[in-house]
Amino acid sequence: MADLSVSINGIGFRNPVMTASGTFGYGEEYTDFIDIGRLGGFVTKAISVKPRKGNPYPRMAETPYGMLNAIGLQNKGLDYFIHNIYPRIKDFDTRIIANVAESTTEGYVEVARALNALDRVDALELNISCPNVKEGGLAFGTSCPMSAAVTRAVKEVYDKPLWVKLSPNVTDIVDIARGVEDAGADGLCVINTLGGMGIPAGTRRPVLSTITGGLSGPANKPVALGMVWQVYQAVDIPIIGIGGIRNGTDAVEFMLAGASAVQVGTMNFIDPTIALQVAEGIDAYCDQHGFARASELTGALILD
Amino acid sequence: MKKRVTDLRVVSNARINEKHFLLGIAAEGCGEIVPGQFVEVLVRGSQDVFLRRPFSVCDTDPEAGIFYLLIKEVGPGSRLLGGLRPGETVNVMYPLGHGYTLPPSGPVLMIGGGYGIAPMRLLGRRLKAHGITADTLIGGRSASDILLADAFTDFGQVFMATEDGSLGHQGLLTTHPAIQVNGNPYTRFYACGPMGMLKAVSEIASTVKVDCEVSLENTMACGFGVCLSCITGTTTGNRCVCTDGPVFNSTELLWQTSV
Chain B
1 MADLSVSING IGFRNPVMTA SGTFGYGEEY TDFIDIGRLG GFVTKAISVK PRKGNPYPRM
61 AETPYGMLNA IGLQNKGLDY FIHNIYPRIK DFDTRIIANV AESTTEGYVE VARALNALDR
121 VDALELNISC PNVKEGGLAF GTSCPMSAAV TRAVKEVYDK PLWVKLSPNV TDIVDIARGV
181 EDAGADGLCV INTLGGMGIP AGTRRPVLST ITGGLSGPAN KPVALGMVWQ VYQAVDIPII
241 GIGGIRNGTD AVEFMLAGAS AVQVGTMNFI DPTIALQVAE GIDAYCDQHG FARASELTGA
301 LILD
Chain Z
1 MKKRVTDLRV VSNARINEKH FLLGIAAEGC GEIVPGQFVE VLVRGSQDVF LRRPFSVCDT
61 DPEAGIFYLL IKEVGPGSRL LGGLRPGETV NVMYPLGHGY TLPPSGPVLM IGGGYGIAPM
121 RLLGRRLKAH GITADTLIGG RSASDILLAD AFTDFGQVFM ATEDGSLGHQ GLLTTHPAIQ
181 VNGNPYTRFY ACGPMGMLKA VSEIASTVKV DCEVSLENTM ACGFGVCLSC ITGTTTGNRC
241 VCTDGPVFNS TELLWQTSV
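In order, the protein sequences belong to chains B and Z. Just so you know, my numbering puts 40 at position 40 of the first sequence, and the rest follows in order with no gaps. Just so you know, my numbering puts 130 at position 130 of the second sequence, and the rest follows in order with no gaps.
It should be emphasised that the hints constitute simulated quantities derived from the structure, not laboratory data. Just to be clear, a hint being listed does not mean it is correct.
What the hints assert, rightly or not - Listed below are the simulated DSS-like cross-link pairs for lysine-lysine, each with C-alpha atoms no more than 30 Å apart in a straight line:
hint, chain 1, residue 1, chain 2, residue 2
1, Z, Lys3, B, Lys53
2, B, Lys90, B, Lys53
3, Z, Lys3, B, Lys90
4, Z, Lys72, Z, Lys3
5, Z, Lys2, B, Lys90
6, Z, Lys128, B, Lys53
7, Z, Lys3, B, Lys76
8, Z, Lys128, Z, Lys209
9, Z, Lys128, Z, Lys199
Owing to the predicted nature of the structure, the values given are computational and were not obtained by experimental measurement.
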């Protein structure tokens, strides 16, 4: 048994495995299947100031080793989260990271300011990388000045760790990573979904109502791993690796490339117990390869 | 009953015809499954199948601890499941969604279009246990689409309709005399099948003032309310077919995929 605990921005996590925003609801949906308290933490579904009803159907399509989605940040808004959801989840014995998605700097600031008052929200994840809504933050996430500006503005009103979730749909993710680090981000979540499209040739119509959407799942893993490695070379703040993780060795690969922790996303849909299996797999890897602590895996890539 | 995800043993795989088969799976707690609830099955062995496949529970045998899925081979996932043999294991998430409710009194009419007949077998069994007579109306394009007709004779009368007239009444099932307005004796319609059929049935129900519950089918990634893919438009906004349904009272539905 290795010591799986990791510390990110001074917050202790039971293990390096969290679940990714949009794939884990607010945790409650999983309590039939797993003990939430065995997770390192979970990231909530996106929270915006006002309720968002999301995009029209169809919003999802299966792809080889992955899926396209265009849910469109459907959520019941900030007030509903604070008054209805938070009281139900605040006693979960794990770290809670709130994902914030908005269309204006003022919107991000308003949500962050309100969540700052909630004791059990341990960190914020700023979603500036949703490809599925016209103003879902991607305008911020693909521009260095804008991503830095929104990070700086939220940092002013939010006292706890602020993580920024980066889009892979950019010319150079390293530029954005450096920019938000300089603006005060405490951590980087790498990566959000890859822009994509599906066309069933028989229908000659796009498979998603929004025409294009975001690709997630194991198909993305090598792309995500490469971006974690690139970003790790360029920044000093912790990285949370995300992209198609299915098992312990996938997670270990992200840590070797520089991630301090990981988020399991799409695979939660297929196996709601997968995040716990990933944590067990990291433990087994550490035992087999002589790591006393999982935290020693971070950046332990061997370059001969 | 708590949802669970686990490896289960296939106990039987019976061909019904060229395209359909009935898969028997040994499972704990199958006596608690509500008619209309569904399961999500993991398909192994195909590069084309990533997500689980949802199937409504067709029948249960609580004493033997077995539930049955009626599956139509439509793509690589269902074809692989068609090749499962007794003794093999299959990973299943169950039970999912909200099923049909029992009526205060009968008789009722169960209406299945094609393999939409699947949940009616378990429903008929439950209704019979509550002393409620359930007639069955089965429709399809042709005789080969009329499935399990013999399985419903225990519950009440069985009516059939085929579009080509190869079995029973010729025409869509919604034109069958059993569902038509005059002298309709039913307290409730229970329907499952294609969206167009469900809408037509619900319009008849509204005309004849019969309560109507329909089970929807939709594209979903998870089956338990987190992916938010499987929305349908309702009088209270977009709702998930997997957790708010798959069974809805027909008056809740706007018959559009989203609002």
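Between lysine 128 of chain Z and lysine 209 of chain Z, does the CA-CA distance stay at or below 30 Å? Holds: lysine 128 of chain Z and lysine 209 of chain Z sit about 23 Å apart, inside 30 Å.
Check the hint pairing lysine 72 of chain Z with lysine 3 of chain Z against an upper bound of 30 Å on the C-alpha distance. holds, 25 Å
Are the Cα positions of lysine 3 of chain Z and lysine 76 of chain B separated by 30 Å at most? holds, 25 Å
Decide if the proposed pair is consistent with the structure: lysine 2 of chain Z and lysine 90 of chain B, CA atoms, cutoff 30 Å inclusive. Status holds; Cα separation ~22 Å.
For the pair supplied as a hint, lysine 3 of chain Z and lysine 53 of chain B, is the alpha-carbon distance within the 30 Å limit? holds, 27 Å
So if I understand the rule, the pair passes when the alpha-carbon distance is 30 Å or less; does lysine 128 of chain Z with lysine 53 of chain B pass? violated, 41 Å
Hint check: lysine 3 of chain Z vs lysine 90 of chain B, CA-CA at most 30 Å. Holds or violated? Judged against 30 Å, a Cα distance of about 23 Å means the pair holds.
Are lysine 90 of chain B and lysine 53 of chain B close enough, with their CA atoms no more than 30 Å apart? This hinted pair holds, its Cα atoms lying about 25 Å apart.
Holds or violated: lysine 128 of chain Z and lysine 199 of chain Z, Cα atoms, limit 30 Å. holds, 27 Å
Hint violations for this structure: number 6 only, all remaining hints satisfied.
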